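Colleague: With the hints as a guide, bring both chains together as one complex.
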Amino acid sequence: MATFEPTLLARIAKPNSGKLEGYRNDGGYATFEKVLKDKQPLDVVTQVKDSGLRGRGGAGFPCGLKWTFLPKDHPGPIYLCINADESEPCTYNNRILMEKDPHQVLEGIMLSCYAIKSQCAYFYIRYEYGTAYRTLQAAIDELYAAGLLGKNIKGSGFTLDIFLHRGAGAYICGEETGLIESLEGKRAWPRIKPPFPAIEGAFRKPTIVNNVETMACVTQIMKKGNDWFKSLGVPPDPKNPRDAGSYGPKLYTIAGHVNEPKCVELPMGVTCRDLVEKHGGGVWKGRKAKSVNPGGLSMGFIDVNAPLKGEDGKTEYDIPLDFNGPGKVGCLGLGTAAICVVDDQTSMVDVLHNVCQFFSHESCGQCTPCREGTGWMLKITDRLRRGLGRREDLDILVDVADRIGIIPGTTICGLSDGAGWPVKTAIRKFRAEFEAAIKDGTKSAYTKLQMAAAH
Amino acid sequence: MGVLSEDIKDRIKAYIPRYPRKQAVTLPALHMVHDEYRTVSNEAIVEIAELLDLHPSEVHDTMSFYAFFKTDGDKLGQTRLWVCRGLACMLRGAYELIEHCEKKLDVHCGHTTKDGKITLEFAECIGACDGAPACLKNDVHVMNVTHDAADKLIAELKN
Ligand SMILES: Cc1cc2nc3c(=O)[nH]c(=O)nc-3n(C[C@H](O)[C@H](O)[C@H](O)COP(=O)(O)O)c2cc1C
Ligand code: SF4
Ligand code: FES
Chain A
0 MATFEPTLLA
10 RIAKPNSGKL
20 EGYRNDGGYA
30 TFEKVLKDKQ
40 PLDVVTQVKD
50 SGLRGRGGAG
60 FPCGLKWTFL
70 PKDHPGPIYL
80 CINADESEPC
90 TYNNRILMEK
100 DPHQVLEGIM
110 LSCYAIKSQC
120 AYFYIRYEYG
130 TAYRTLQAAI
140 DELYAAGLLG
150 KNIKGSGFTL
160 DIFLHRGAGA
170 YICGEETGLI
180 ESLEGKRAWP
190 RIKPPFPAIE
200 GAFRKPTIVN
210 NVETMACVTQ
220 IMKKGNDWFK
230 SLGVPPDPKN
240 PRDAGSYGPK
250 LYTIAGHVNE
260 PKCVELPMGV
270 TCRDLVEKHG
280 GGVWKGRKAK
290 SVNPGGLSMG
300 FIDVNAPLKG
310 EDGKTEYDIP
320 LDFNGPGKVG
330 CLGLGTAAIC
340 VVDDQTSMVD
350 VLHNVCQFFS
360 HESCGQCTPC
370 REGTGWMLKI
380 TDRLRRGLGR
390 REDLDILVDV
400 ADRIGIIPGT
410 TICGLSDGAG
420 WPVKTAIRKF
430 RAEFEAAIKD
440 GTKSAYTKLQ
450 MAAAH
Chain B
0 MGVLSEDIKD
10 RIKAYIPRYP
20 RKQAVTLPAL
30 HMVHDEYRTV
40 SNEAIVEIAE
50 LLDLHPSEVH
60 DTMSFYAFFK
70 TDGDKLGQTR
80 LWVCRGLACM
90 LRGAYELIEH
100 CEKKLDVHCG
110 HTTKDGKITL
120 EFAECIGACD
130 GAPACLKNDV
140 HVMNVTHDAA
150 DKLIAELKN
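Line by line, the protein sequences are chains A and B. Numbering follows numbering that gives the first Met the number 0, with no gaps: position 429 of the first sequence is 428. Numbering follows numbering that gives the first Met the number 0, with no gaps: position 59 of the second sequence is 58.
Next up, chain B with everything else stripped away, as it sits in the complex (with noise of 0.2 Å):
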């Protein structure tokens, strides 16, 4: 019995003609997984690594580089708000932004709200910067973030 559902197993599969080698679906499948289970746990690595004939070494090797990814014993909220940081943002007050995130959540940056809705990031500069200081709600952007507008999409994330 494994963890990943015969679903997602058959749209790792299907990545796998766009590539000359197998390995490269490491990153789309790690996405898919991620994506779907919020986390990527030590048995979905062996379950990658099994249909891309990979060790599960090689598979984490490559997941560990990106801390892009929850691994094992971690996970991510129901929403990933990112908060940039980066210099234009950082000019436009993203770090009282920051400030006023974890604060209104009551958790630090890298961390889930007990409620398991949403978990608070940084992020360096994600190309939004006509909109700084901005955010991303999982990988859509949010321009030009006020704390009122902060509080409006926390809300609205919580409900």
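If we strip away everything but chain A, and leave its shape as in the complex, we get (with noise of 0.2 Å):
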């Protein structure tokens, strides 16, 4: 691994990266003018489809395969919605990639319209992101002034354009139907599926929505090929015949009690201990990892010292972050890949209220299990940090847990399993802690803040 070079981010730290002259002189743009000289739009879906790429914004859903649900032979207008709300916390990617190398999303941009059919791309990016918002901004811009985008491109009767459209605070505008439904200018509330997006999507009609990080690999993959591709990563489970395999580069994202907290790109499948240790400087003021989130608050969280089963002095810290890695201990999945280290020192009561702070605060409202639960859940962990906890309460937060979400099949969107996972997880895999706490009736230091009610 000492070797690998990084191609998402090979171009981060160049002066005036973001530059359309310097991706130029990189060979930006090359594999684009040629794909539309060259190549059908089903020879870029059929590429996509076969270099194994899956989604890199959160449900890991195969990228090629979800373009051909589209229908076939459909008069337009289709629609391309790159999903930039990035609100998972700890995760950051998607900002490095805007604003360090806006050329390279774009261009993944306009290889996917090509290939999808698609005339026009609504590239949706959370307001937090100012300084990604003008960089890309002045990116398109320089592309229209290029003559890449707007009517028939470069004389091949290909028409693009990519529209910015800014969202405002609001987390489940990063679910793919909350997304289109703020995109028309209403309330982010998602959509009952079916129907997908690909079928009735914004402004009712067929669409793809996918992530920043995303349309950077369609980049790579476009030039460098399928073989480069699946040369990196892990191949698909030959146990699991409905594993499609977690290949390629990977943006990790290393956050809380690290060293260093940093974005590194390295081949899927890298273990949680290698990131913190090697990647992350190690865990900070020469402390002990207690917990490690691998993938977004949504996803839950491992236990670094529990052993793992059949695996020799092996424990939960060596689980590989791929597609499959972290479902293997009990968590949701891979996520955005953005890890959150939790050192010895800290209290999982304070952590578990954090993030049931959160979703009840994200929450959009709409299914009652969400809605409540999510509240009914920072209300007992708010117990819980105050001292008052009592004994019935770590039960009824799993029970609560287990039963929203989509997964239980009692909400519309995947928010509230993502609710549910660090909640059963925590409290499965920490209930000595919890219940110490309880029966101590220790105080957070933090009981003092009163942020909940500000809003």
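Keep in mind the hints are simulated off the structure, nothing from the lab. Since the model is a prediction, treat every value here as computed from it, not as a measurement. Be aware that a few hints might be false.
List time: in silico DSS-like cross-link candidates among lysine-lysine, alpha-carbon distance up to 30 Å [said to hold, decoys possible]: (1) B:K103 to A:K284; (2) A:K442 to B:K113; (3) B:K103 to A:K204; (4) B:K102 to B:K113; (5) A:K116 to B:K102; (6) A:K284 to A:K18; (7) A:K18 to A:K36; (8) B:K136 to A:K18.
Modeller: If you want it as structure tokens, here you go:
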């Protein structure tokens, strides 16, 4: 692994990495121009499908396969929506791509639109990313000026517009149908599926929603080829016929109690331990890790010290961060591949209260189990941190967490699954700590702060 | 006589051709009005609705969903300063930072200083966890905000 050369992040440290000229000098848009000249849209769909690329936004759905769900020979319009809402706590890789190498992302959008025969892409970007927004707008302006966007690009007959659309501080706009509703100018209430967006999406037209990093991968797949992409990562598990594999490079973001919080690019499948100890500079202040959240809060927690069954000397810390790894230790999945480290001096009660605060604040309120369940879990964890926990509280938390979500089938979208997973994994894995806190009536240092009242 | 200037109306209208439906201009229009007037008044809602062929209640419905916009009777200060309270920031001192800023500015989150210079807010993860604890100055990240750095930032914004 020592010889691994980053691809997605290859340009980010260059001066003026966001400018068209520099991107061109590094071979940028040559792939797009070649594809326009020599390839049919279907060729691009097939190549992306065969590459094994799975969406980087959290769900890991095979990208090319999703594209094939669009109706055949549709008269149009077909839309591409780029999901740059990036609000899953501890995740920031999309921000780095957009701020430092916007053209790599834009070329992926152009290739993808060509593939799915879309003439219009809406780039939905969270409001908090002002710098990324302005960088992208400048990059898009450069493309129009260079004749790479607009009508009949380079005489190919292909027409494309890309419009940036800013969010307004709501996590739920990252859920793809919430994003579409928000784009349409409505409250961002996720839609009941089916119909899936590929059949009926933005403005009731067929729509593909893809993540920013997925777009950067499309650029590199079309440039460097499928052999390169498949030489990285983890092939499908032969024992699991439904596993689509975890190919390609991945941007991992490291946050929390580490010495060097940063975004690194590695072949899919690096272990949690290596990410923290090697790439994140180890746990800060000479402490040890207690728990890691492997992939955005929605994925749950691992217990760094819990032995892995049947694997001598290994613990949950050693799980590979590919699409299957976190699931092996009871977590929801790889999510956004954002890891957040909690050191051994930190109370899991405080951590879990913070998590519940987030989901309760961000539930869109449409489904009763989610709206009430996230509120209930926040109330209970608040009680716990005030030293007023009751014996039955832990069972109630797990029970609520188990019942809300699209997996149990009680809600419209996956926000509530994401709200439940950290609760049930934390309580199941750190039960003794929670029980002791209830027994001793331990009060958190933070109970003075009254933020929730502000909204 | 409306409350929206001709200039802002023109800027809103310029967004209409981007989308197949005018309603899609709701968020861009709300942002433009909010940025400029520091609030979205009831009159402004009526005028946005007129420009987009909507009923004012539709604009209001969308706006109220996003706890982001200040509405009639409330107003943003000159700068909006968000302090992140997300997990990565909390683990690196965000709660202490929020408390520090509340004391320093003598306001609770969600409120504006008496001199109208700063509106303090808390935010959920703002995607700057590599610089935790992090803040957002309007829409620009400020990373690794120690209490000293916060004091300096506040002094600069008060100036
Ligand atoms: C509550 C919730 C929030 C989400 N937030 C994001 C997000 O911020 N960015 C993102 O790309 N996908 C997010 N997703 C996943 C999207 O619904 C969708 O799967 C993804 O954008 C598809 O793109 P991809 O296939 O390229 O990954 C979220 C899903 C849920 C349920
Ligand atoms: S699950 Fe929660 S966030 Fe998703 S639609 Fe229902 S209420 Fe909204
Ligand atoms: S948790 Fe504060 S920026 Fe992510």
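Colleague: Indicate, hint by hint, whether the structure satisfies it.
Modeller: The hints, checked one at a time:
no., hint, in the structure
1, B:K103 to A:K284, "28 Å, holds"
2, A:K442 to B:K113, "34 Å, violated"
3, B:K103 to A:K204, "51 Å, violated"
4, B:K102 to B:K113, "13 Å, holds"
5, A:K116 to B:K102, "55 Å, violated"
6, A:K284 to A:K18, "39 Å, violated"
7, A:K18 to A:K36, "24 Å, holds"
8, B:K136 to A:K18, "25 Å, holds"
Checked against the numbered hints above, the structure violates hints 2, 3, 5, 6; every other hint is satisfied.
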